[in-house]
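These protein sequence lines are chains A and B, in that order. For the first sequence, the working numbering gives the first residue as 1, with consecutive numbering after it. For the second sequence, the working numbering gives the first residue as 1, with consecutive numbering after it.
Hints were generated in silico from the structure; no laboratory data involved. The reader is advised that the hints may include incorrect statements.
As the list claims (entries may be wrong) - In silico lysine-lysine, DSS-like type, Cα no more than 27 Å apart, as pairs:
(1) A:Lys220 with A:Lys59
(2) B:Lys15 with A:Lys126
(3) A:Lys144 with B:Lys18
(4) A:Lys2 with A:Lys70
(5) B:Lys153 with B:Lys175
(6) A:Lys126 with A:Lys144
(7) A:Lys2 with A:Lys82
(8) A:Lys144 with B:Lys15
(9) A:Lys144 with A:Lys131
(10) B:Lys67 with B:Lys153
(11) B:Lys67 with A:Lys137
(12) B:Lys243 with B:Lys90
(13) B:Lys175 with A:Lys137
(14) B:Lys90 with B:Lys140
(15) B:Lys67 with B:Lys90
Stated by the list, open to error - Over the 10 Å line for every Cβ pair with chain A, so calculated as not near, a few chain B residues:
(16) Tyr48
(17) Leu91
(18) Phe103
(19) Ser118
(20) Asn176
(21) Gln193
(22) Leu262
(23) Thr301
(24) Gly308
(25) Arg310
(26) Arg318
For glycine and all other residues, C-beta sits at the position ideal for the given N, C-alpha and C.
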Amino acid sequence: MKPLIQIEHVTKTYGEVPNETYALDNVSLAVNSGEFVAIIGPSGSGKSTLMNHIGCLDKPTEGRYFFEGKSTFELSENALAKIRNEKIGFVFQSFNLLPRTSALKNVAMPLLYGTVSTEERLSRAKSMLEKVRLSDKLESTPAKLSGGQQQRVAIARALVNNPAVILADEPTGNLDSKSSAEIMAILAKLNSEGKTIIMITHEREIASYAERIIEMKDGKIIFDQKHRSKNSRIKEDGFLKRKG
Amino acid sequence: MDLQETLTAALEAIKINKLRSALTALGVIIGVAAIILLISISAGLQGYISEQFEKLGANSLFVIPGKLEGSFGGGPPRSVNKLTFNLIDKLERSPNPSIVDVFPIIELAVTASYRNESKVTTLDGLKENYFEDADLAAQKGRLFSAKENEIGKRVAVIGETLAKDLYGNNDPIGKNIQISKKSFTVVGVLEKQGRVGGVDADNVVFIPLNSARKLTGADQVNSFIVRTASTEVIPQAREHVEKILNRSLSEDDYTILSQEQLLSTILQILSVLTAALGGIAAISLIVGGVGISNIMLVSVTERTREIGLRKAVGARPRDILQQFLAEAVILSVFGGAAGVLLGFLGSVAISRFIQTAVPLWAVLLGIGFSSLVGIIFGVVPAIRAARLEPIEALRHE
C-alpha cells in the first residue's frame, strides 16, 4: 500500500539565489494512513513550512509531493483547493473561527465549497459538534465560548468533510493545560478511530500523545521515531475515562 | 458555492457592519435619488408641455403667411400676407379625405370698451363651427350662429377675464361692447380656459369671421387652421394643402406648422437637457461607487484571515471573488432601491409645486445602473481578495 503522504526530496527556499534561505532542505517523509505524527522543533526549524506543503497550501521549490499516491505538483490552484476541501482538515493554534458566526455555521463552512445541500451541511455540522460534545453550543458565537471550546469547534470543522488527514498546527498553543488535555484526548480518540493526524507542537508533553515523533531543525528532519505503540496513552487519560 | 449561498454569506457580512454598510450605500442612494428626481421632473415637464400643446389641437396644421426659418423662427414673418379668402375658398372647394375642415382666423389686438372701462384684448374672427371643433362652450348666454356669421352680424362672445374687467359683477349678456369704434352686442361668455402657453386665454373676444372681415376691410386672414381627420394623416393633409397653395403662391409665402413638429422639437431639447443633468447626477453615483470600492478594500484587509481560512478549507479563488463581489453588488443594489424610493418620495413632494412623473424605465435604469456600479467598483477589491495567498492570509494579524 502506498503511503497517504509521501514527500520526496522537497526543498523550499525563500529569497533570491545566492542569498536564499532554506525553509526546507531536502526533506523526505512518508506518513501512512492511520498514523498519529507529532512534528517538533524550535521556531524557524521549518515545521510550519513542512505542514503547509503537506496541506497543499504551498508548493516546493524542488522535490515532489504525492498525496494518496498522486503527484500534486502539476495540479491547478482549483484542484489543490478541492484536495484541501475534501481530504484535509485544518486545526490552527489560534482556532481561526469566524468571529460573528455561530458554532454550527463555523463547522458547516468548509461544506459550502463542496456539493452538499444546505440541510445536509447543517446536519453534518451538528453531528460533528456532538462528537466534540458541544451540542448545547450550536448557536453560540466564538466570543461566548472558552478557548478549549473554540478549539473543539475548530476540530469539528476539520472533521466535517470526513478528511483523510487532520493537520493540527500547535492545536494547544493557546490553551491552558486542562483544555490542552481535552483537545489531545479528542485527537487521540480520533486517531484510535482510524483518522490520520499530523500535529505540530513545541511541547514534548503534547508530542507524547503521538505514536511517532519527527524532530526538525534548520529545515531538516533530524529525528524520526515511532516511540511507542498506539493507544497506550489513551488508556491512562482521565478525560476519556470520565466520558466512559 | 452556489448563488444562494453566496448571497446569504454576503448578506450576513453586510449585517455584521450595519452602520458602515448603510453609510457606504448612502453614496449610491443619493446618486440614484438625484437621477430619479431629475428624470421625474423632466418627464413631468414633458407631460405638461404635451398637454399644453394638445390644448392647441393635436389634429391640426397651422398655416401662417410668410416663411418661418426653422421650427421656431425669429420674430414675425415680414413678407406681404398672401393668405387670402380666395385661397381658402379654393382649399374648401377641393376636399381631401385627410382634411375635416378649414378654419380661417382673423386675429387682431384691439381695445375693447364698455362705458368707461376699456381693455386691450385679442380679437378673433372665426367661423361659428370653430367653437364646436375647439370644444369651446358658453358659461353664460350663447355662441354665435352660422346665420350670424354669414351675414356678418355684430355679435361678440367674450372670455371670462374680459367680462370681469369690463362689466364687473354685472351680466354682460345683451350689453354692448365697443371694438374699433364699432358697437357689438355681447351674446355669450366663454367657459374659463385658464392659461395656455403662458397667455391668459380668457382675455379674448370672439366675433363672426365675416364681421371681422368687415371690420378690417382686408382680404387676408392672419392664419388658418387645417383640421385633419387624425394625427396619422397629418402628412397627407400637409401635402394636399401645399399642392393647393403652390398653385397660386410660392413656397416662401406661407409656412405650415404642425403641433407635432413643434412639440417634438421642444421635447428633443428637453431630453438633451435631461441627459445632461442626469449625467451630472450619474457622477454622484460614481462617487458612491468609489465609496463602495473603498469600503470593500478595507473589508478585504480586515478579513484577510477569514479569506485565508476559507481558502485553506477549500474555497477556490472564484468562490472568494464571488463572495466579495456579491457584497459590493448587494450594497449598491440596496442603495439603488433605497435611492429609487427616496427619489420617488422626493418627486411626490415636489409634485405639489410642479408636475412630476416617475416612469418605469427610470426605476429600472436606477437599479440597473447602481448594480453596474457595484460590479465595476466591487471587482478590484474582490480580485484582490481572491488572489490572497492562504498562508500569508492566515498569518495576518
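Hints and how they fare:
no. : hint                   : verdict
1   : A:Lys220 with A:Lys59  : holds, 17 Å
2   : B:Lys15 with A:Lys126  : holds, 24 Å
3   : A:Lys144 with B:Lys18  : holds, 21 Å
4   : A:Lys2 with A:Lys70    : holds, 10 Å
5   : B:Lys153 with B:Lys175 : holds, 15 Å
6   : A:Lys126 with A:Lys144 : holds, 18 Å
7   : A:Lys2 with A:Lys82    : holds, 21 Å
8   : A:Lys144 with B:Lys15  : holds, 19 Å
9   : A:Lys144 with A:Lys131 : holds, 20 Å
10  : B:Lys67 with B:Lys153  : violated, 34 Å
11  : B:Lys67 with A:Lys137  : violated, 89 Å
12  : B:Lys243 with B:Lys90  : holds, 11 Å
13  : B:Lys175 with A:Lys137 : violated, 97 Å
14  : B:Lys90 with B:Lys140  : violated, 36 Å
15  : B:Lys67 with B:Lys90   : holds, 21 Å
16  : Tyr48                  : holds, 53 Å
17  : Leu91                  : holds, 79 Å
18  : Phe103                 : holds, 74 Å
19  : Ser118                 : holds, 83 Å
20  : Asn176                 : holds, 90 Å
21  : Gln193                 : holds, 67 Å
22  : Leu262                 : holds, 62 Å
23  : Thr301                 : holds, 15 Å
24  : Gly308                 : violated, 8 Å
25  : Arg310                 : violated, 7 Å
26  : Arg318                 : violated, 8 Å
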